[in-house]
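Protein chains: 2
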Amino acid sequence: MTTTPSATVDALSFPALPGALDTPRVVVDLARVERNIARLQGEMDRRGIAVRPHTKTHKSVSVARLQLEAGARGITVGTLGEAEVFAAAGLTDMFVAYPVWADAAKGARIRALHEAVASFSVGVDSVAGAERLGVAVAGGRRPLRILVEIDPGLHRTGVGSPDAAAEVALAAKTAGLEVAGIFSHGGHGYRPGGTADAGADEVRTLTAAAAALRSEGFDTPTISAGSTPTMLSAAAGAVTEMRAGTYAYGDRQQWVLGAIPAEGCAVAVAATVVSVADGRLVVDAGAKMLTKDRADWLTGFGAFPAYPDLVIDRLNDYHGVVTIPPGASAPVIGEVVAIVPNHICPVIDLVDSVVVVAADGSVADWPVDARGRSG
Amino acid sequence: MTTTPSATVDALSFPALPGALDTPRVVVDLARVERNIARLQGEMDRRGIAVRPHTKTHKSVSVARLQLEAGARGITVGTLGEAEVFAAAGLTDMFVAYPVWADAAKGARIRALHEAVASFSVGVDSVAGAERLGVAVAGGRRPLRILVEIDPGLHRTGVGSPDAAAEVALAAKTAGLEVAGIFSHGGHGYRPGGTADAGADEVRTLTAAAAALRSEGFDTPTISAGSTPTMLSAAAGAVTEMRAGTYAYGDRQQWVLGAIPAEGCAVAVAATVVSVADGRLVVDAGAKMLTKDRADWLTGFGAFPAYPDLVIDRLNDYHGVVTIPPGASAPVIGEVVAIVPNHICPVIDLVDSVVVVAADGSVADWPVDARGRSG
Chain A
962 MTTTPSATVD ALSFPALPGA LDTPRVVVDL ARVERNIARL QGEMDRRGIA
1012 VRPHTKTHKS VSVARLQLEA GARGITVGTL GEAEVFAAAG LTDMFVAYPV
1062 WADAAKGARI RALHEAVASF SVGVDSVAGA ERLGVAVAGG RRPLRILVEI
1112 DPGLHRTGVG SPDAAAEVAL AAKTAGLEVA GIFSHGGHGY RPGGTADAGA
1162 DEVRTLTAAA AALRSEGFDT PTISAGSTPT MLSAAAGAVT EMRAGTYAYG
1212 DRQQWVLGAI PAEGCAVAVA ATVVSVADGR LVVDAGAKML TKDRADWLTG
1262 FGAFPAYPDL VIDRLNDYHG VVTIPPGASA PVIGEVVAIV PNHICPVIDL
1312 VDSVVVVAAD GSVADWPVDA RGRSG
Chain B
962 MTTTPSATVD ALSFPALPGA LDTPRVVVDL ARVERNIARL QGEMDRRGIA
1012 VRPHTKTHKS VSVARLQLEA GARGITVGTL GEAEVFAAAG LTDMFVAYPV
1062 WADAAKGARI RALHEAVASF SVGVDSVAGA ERLGVAVAGG RRPLRILVEI
1112 DPGLHRTGVG SPDAAAEVAL AAKTAGLEVA GIFSHGGHGY RPGGTADAGA
1162 DEVRTLTAAA AALRSEGFDT PTISAGSTPT MLSAAAGAVT EMRAGTYAYG
1212 DRQQWVLGAI PAEGCAVAVA ATVVSVADGR LVVDAGAKML TKDRADWLTG
1262 FGAFPAYPDL VIDRLNDYHG VVTIPPGASA PVIGEVVAIV PNHICPVIDL
1312 VDSVVVVAAD GSVADWPVDA RGRSG
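The listed protein sequences correspond, in order, to chains A and B.
The numbering used here numbers the first residue of the first sequence as 962 and each following residue consecutively.
The numbering used here numbers the first residue of the second sequence as 962 and each following residue consecutively.
Be aware that one or more of the hints could be misleading.
[Claimed, not checked] Facing chain B, a subset of chain A residues (Cβ under 7 Å, in silico):
1. D983
2. K1017
3. A1066
4. A1089
5. R1175
6. M1250
7. W1258
8. V1293
9. G1295
[Stated by the list, open to error] Now the stretches of chain B that chain A is said to cover, found in silico as 3 or more residues with beta-carbon under 8 Å:
10. 1054 to 1064
11. 1077 to 1089
12. 1218 to 1231
13. 1247 to 1254
14. 1308 to 1317
Since the hints were made in silico from the structure, they are not lab data.
From a predicted model like this one, the values you see are computed outputs, not experimental measurements.
C-beta atoms are modelled at their ideal positions from N, C-alpha and C, and glycine is treated no differently.
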């Protein structure tokens, strides 16, 4: 099944690109980023729910600071490498939303982070994982805080039942860890029409797990949910914290899902048309820039706000191939075009820096501080 | 259509991983790389065809030097950024196999490369592109050499007819460029059973274009073809040069295509099993390590040589999800496993360095020198 945005969805837009870009480059519109951040923060403030954005989307200390200044409680990271980058930058409150396996190398890194970061916590989804973490931080000056991961239906990581959640919490306590709460990720909401149900799954599953932990004497002050598709539907009931990430930058997938408005797409890849043929053109953004990330309900690998009839049909490493439908408007050779990628997170991870355009039109280069920190 | 390797294909293998890896890490077996390089060089030497390997696969100065020491004439690159890295390392013979659009920024970079590199040439597939290149290098101490790109049926870049090739060559000559030859890329051979025909397409199309150029007075000393699937079938007839790239490292796709032997897979991603559930496991190599590159004739996103019944079914940024078929052998939580990626080129581009294991068992860290140089 493939999906084309319905007529009720606003057309994708992107601000004018700065001139003289040496393509391909990732371009970030700062006003849109700030608006995306303020929109979620305002809504969560109204609901009394803390925001802990996932920084794997932008991997940028500067953008994380914008989120904290807007009112975020702390940040979420997906790897110890990301945590180390943000810790080195002075951020003091972070949660590794991943069941890190604390072998010798990662155990030492967790211990160092736990000692350096004022508020540091890690996800766990198994008894063995909890025991490993306990060994890694044994003898530290305070217990390491963990959150037990619950599977809300994504069938990835996370325990599958409230009883299993309680079992992991008890093992963590025995291992000398502090059980600070529970968390879920409603990634099974990444399909058209699926977001509301996935958010409800998160709330329901977390509520049941919290009850199981309470019956074993655990407080679970943090009940953390979320993904960008479920950021509104999962921010309800017993949930105390929201961990959306992609919302800050937006992408084609979130736009099609209705998770962000069309003017919420804050990042595009600037590319140059390098070749044209009868009914076809090629841009200099390939799989090493746009990535081959494509949900099976989406057609193509990127959209052109200025040319709504075109998508990237095929990607090779440095070639993005577009088939031009008969009669469609298309750019000419040498033209620099903005392309909104399907999924922004892996795209950002490919580049060392992004071109940031501020509201006053000024242009700056911001590093992708945690690029490549995938472990 | 999905393809499983037939029983006649040797099972995928990978040497033992070094101990104490902080996963995920890319691991390179040097003996296999050297054998892959020697195998192609030996065959092309027998045929009297020059080897100009595409370095976008490894992006490594050290591996490029192994290829040159084995007898390669020079290297191929896909971007000016790659050319700049290899030029800075002292390599003196390189071809940019891409129709670079020489705007102000890229024009200045081409001019600098042309002046710094003893033998430097660039692809062209349009009159406008040739004119741009002529402007960029006007007044230089010697003419820039170009190769006209021919489309052998991939329908990506490249002119579509011998007449068009002659037209571009004439425009290049008028623009003050030296027409050094022609080239093609038989990427349409990336499907089971398609490689021999695609290679023949390259030979046929290049032969016709060379004739058209000769009738206009051009010599075309370089007739360059190739991809890893077509590296043998396109190395024939009038072809003088072979530009395969992936052959040096190998990957699951090339193995399924029969383009490399099973023991030709020289690179794997080492990952740790971080979560197990009934019928499922998750490794810490996700889309930001394995990439979502997957041909539609291939199932899954990576293979486990030690567990032949398993593939990576789903990828999120940091999660690789495996469904365990009933009764299949599977790794346990905490186990470090080798995963052979579908397509190695974009995987290498995600990491700053690789772990290289030499034949004597010694382990070194080699930088991915041209990582991220996508333009």
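Numbers of the earlier hints that this structure fails to satisfy, in rising order: 5, 7, 8, 12
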